[in-house]
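**Q** One letter stands for each residue in the lines below.
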Amino acid sequence: MLEKADQLFVLLRDWVVGFLPPGWRDAAGVVLGVIGIVAVFPGLFAITTVLERKGLGRMQNRIGPNRTGPFGILQPIADAIKSLTKEDIVPLNADAVVHFLAPVFLVVVVFMGFAVLPVGRNMVLVDMDASLLFYFAMGASTEVSIFMAGWSSRNKYSLLGAMRAVAQMISYEVPLLMSSIVVVMMTGSLSLVRIVEAQNQYTWGLPHWYIFTPWGCAAFVMYAIAATAETNRSPFDLPEGESELVAGYFTEYSGFKFALFFLGEYLGMLSISGLGTTLFLGGWSAPLAALNWVPSWIWFFSKVMLSIVVLIWVRGTLPRLRQDQLMNFAWKFVVPMTLLNLMVAALWRFLGEGWARWVVCSAILVIVYVAAGRAGMRGKHFGPRTYRYAE
Amino acid sequence: MLGEGILKGLAETAKNFAGSFVSAERLTTVEYPEQRIPTAENARVFPFLVFDGTNWEAGMRCVACQICEKECPPKCIYIEKSKDKKPDFVGKMQIYPAKFDIDVSVCMSCQICVEVCPFEAIKMDTEFELSTTDRFGGLLFDRKHLAKSNGYYHKIHPTEAAEVDARLAEEKAKAEAKAKAAAAKAAATPASGSAPGAAAPDAKAAEDAPAPKPSGGGE
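Residue numbers (the working numbering), protein chains in the order written: chain R, 1 to 391; chain V, 1 to 219.
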């Protein structure tokens, strides 16, 4: 019974496909998988938007949306109807074709990233050998769509926002990749399915998730930072800093195209949280051996939603960075730390089993972190701003 | 240590998040259409015309002097003078506005009309829900729409209304005193006219009586 609940969607697909002639079954199975992804993740996007608006409201001591439906839970539907019925404006001087293609391209590549994410036991659309590589290829393509949007709009704010976005995303792509490489080093595979399987083991009932190792924990923190920047989330939301750039690269978008950008951004968040879950939080594996009876997909989606909640929490807390702070942080702190983490992961591998590698690796990471933090903050003045000539 | 401030900030927002569920006084907002925060006494939104008594047409203080119309920076006031006259609050015959329109969509709530009005006839309202589905007629308020009683004025701006009432009462008392003096003079004049030779001190008194006339500023 529990076995069936775990494989519910797989069995459902096989049952539906069983009605078709044998030659069509493989293709139909893939189509059903795509339909599942296209239905589930936008649904999560809707939940995320209402969660974010209500959560941020509570953090600011407000109530948040509370009019549409009980406790405002129908707000995403109202938003969807609104954006669908709004006029779709294309600026007169804009490059209409590229302007149209940009949001479509964004949503398409973001959806393609989901194809390789194992959302449960045996639940992955394409089990590629190099699925991590494929995922990063798709993730990097979103930059193209953002630049398409900024360039084709022919608006200074759009272009500035797109330039910022591209600079930021390229800078943070490096730590994102490097913090993921340690996982590949340990697993010996680029396949996300293999990576989850490697973490799905238990000692004394506790899981072998990579976040519970010194290098994995460090890599997870840096992955989280880079992922936040990669999805243009606060505190790294400079590309759409509304106080400076109206709305950044999608200033000139309205109606459903704007909704597509919004969708693409949140789907990117969900997908990068899904990848982080897969790499460091054990994917669909249960947090305790005793909880293995719970269907695997429930674990995957609860971990993803937990990551989303943390992202919302961070957004409610931190103010936006300045462009130079953003770049300094990426190139002077996160990238060197990920490089160090690569060395630490290698050391962990060659120190062999035992407690010695825990002490050595943790000590190196903590000492360097504290020292780098001290060095970086030396000579910086914190506290209320002082003015030399004004006042 | 690096990241300490971020953790402190996260703790703060978590405290706010949890606290907003527990204590209602943390919430800075109210559920607007059902709950309302009372408007401040000095709140001003849009002018209205004050009338005394119960009949808005008879009690309207406005005498159609058109000062507000001329002073209004965005020129949102339109006044037409009446051909006939009606008595004002002291009983003097005055013209009144046959037409007094204010365009809500043009008014900028500057209160200059209130400052310049010598008759305390136009005051600022605190009513702010002025939206309408008719953007032409619905946004042009005529004198009937604008007229609101002195009692209403007392309700929304009690301090200011009390001052205005005191001032008007003083003016009325002065006018009455003047009228009495004029009546006394009228009574005295035939007396002095009947005995022109023997009334030197009387004539002096009669000259004294209308002395406040220019300061009264009546006609």
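Any given hint might turn out to be false.
[What the hints assert, rightly or not] DEER-style ranges, computed between Cβ atoms: (1) Arg388/R / Ile6/V: 50 to 60 Å; (2) Ile6/V / Val97/R: 51 to 61 Å; (3) Glu57/V / Arg320/R: 52 to 62 Å; (4) Ser302/R / Ala14/V: 11 to 21 Å; (5) Glu31/V / Asp26/R: 28 to 38 Å; (6) Thr386/R / Ala169/V: 55 to 65 Å; (7) Glu31/V / Asp129/R: 51 to 61 Å; (8) Ala40/V / Pro91/R: 19 to 29 Å; (9) Thr386/R / Glu31/V: 34 to 44 Å.
[Stated by the list, open to error] From the structure, some residues in chain R lie toward chain V, with a derived Cβ separation under 8 Å: (10) Met59; (11) Ile63; (12) Trp313; (13) Thr317; (14) Leu318; (15) Gly376; (16) Arg378; (17) Gly379; (18) Gly383; (19) Tyr387; (20) Ala390.
Please keep in mind that the hints were generated in silico from the structure rather than gathered at the bench. Where is the CB? At the ideal position from N, CA and C, for every residue including glycine.
**Q** If a hint holds in the structure, say so; if it does not, say that too.
**A** Now the hints, each set against the structure:
1. A hinted range of 50 to 60 Å for the beta carbons of Arg388/R and Ile6/V is inconsistent with their spacing of about 29 Å.
2. As the Cβ distance of Ile6/V to Val97/R is approximately 43 Å, the hint placing it in 51 to 61 Å is violated.
3. One distance hint, 52 to 62 Å for the beta-carbon pair Glu57/V and Arg320/R, holds here, with the actual separation near 59 Å.
4. The beta-carbon spacing between Ser302/R and Ala14/V, approximately 19 Å, falls within the hinted interval of 11 to 21 Å.
5. Roughly 55 Å separates the CB atoms of Glu31/V and Asp26/R, a value that falls outside the hinted 28 to 38 Å.
6. Against the hinted window of 55 to 65 Å, the Cβ-Cβ separation of Thr386/R and Ala169/V comes to about 57 Å, which satisfies the hint.
7. A C-beta distance of roughly 56 Å is found between Glu31/V and Asp129/R, which places it inside the suggested range of 51 to 61 Å.
8. With their beta carbons about 44 Å apart, Ala40/V and Pro91/R fall outside the hinted range of 19 to 29 Å.
9. For the pair Thr386/R and Glu31/V, the beta carbons lie near 42 Å from each other, so the given range of 34 to 44 Å is met.
10. Look at Met59/R: its Cβ gets to within about 4 Å of chain V, closer than 8 Å, so that hint holds up.
11. A cut of 8 Å between beta carbons decides the hint on Ile63/R: the least distance to chain V is about 7 Å, and the hint holds.
12. For Trp313/R, the interface hint holds, the least distance from its beta-carbon to any beta-carbon of chain V being 6 Å, beneath 8 Å.
13. Taken as an interface hint, Thr317/R checks out: its beta carbon lies about 4 Å from the nearest beta carbon of chain V, inside 8 Å.
14. The interface hint given for Leu318/R holds, since its Cβ lies 6 Å from the closest Cβ of chain V, which is under the 8 Å cut-off.
15. Interface restraint check: Gly376/R against chain V, minimum CB-CB distance 7 Å, threshold 8 Å, status holds.
16. At about 12 Å, the closest approach between the beta carbon of Arg378/R and any beta carbon in chain V exceeds 8 Å, and the interface hint on this residue is violated.
17. Given hint, Gly379/R at the interface with chain V, is violated; its Cβ is 15 Å from that chain's nearest Cβ, farther than 8 Å.
18. The interface hint given for Gly383/R is broken, as the beta carbon of that residue sits about 11 Å from the closest beta carbon of chain V, more than 8 Å.
19. Because the beta carbon of Tyr387/R sits about 23 Å from the nearest beta carbon in chain V, more than 8 Å, this interface hint is broken.
20. Violation of the interface hint for Ala390/R is found here, the shortest Cβ-Cβ separation to chain V being roughly 26 Å, above the 8 Å cut-off.
In this structure, the earlier hints numbered 1, 2, 5, 8, 16, 17, 18, 19 and 20 are contradicted, and the remaining ones agree with it.
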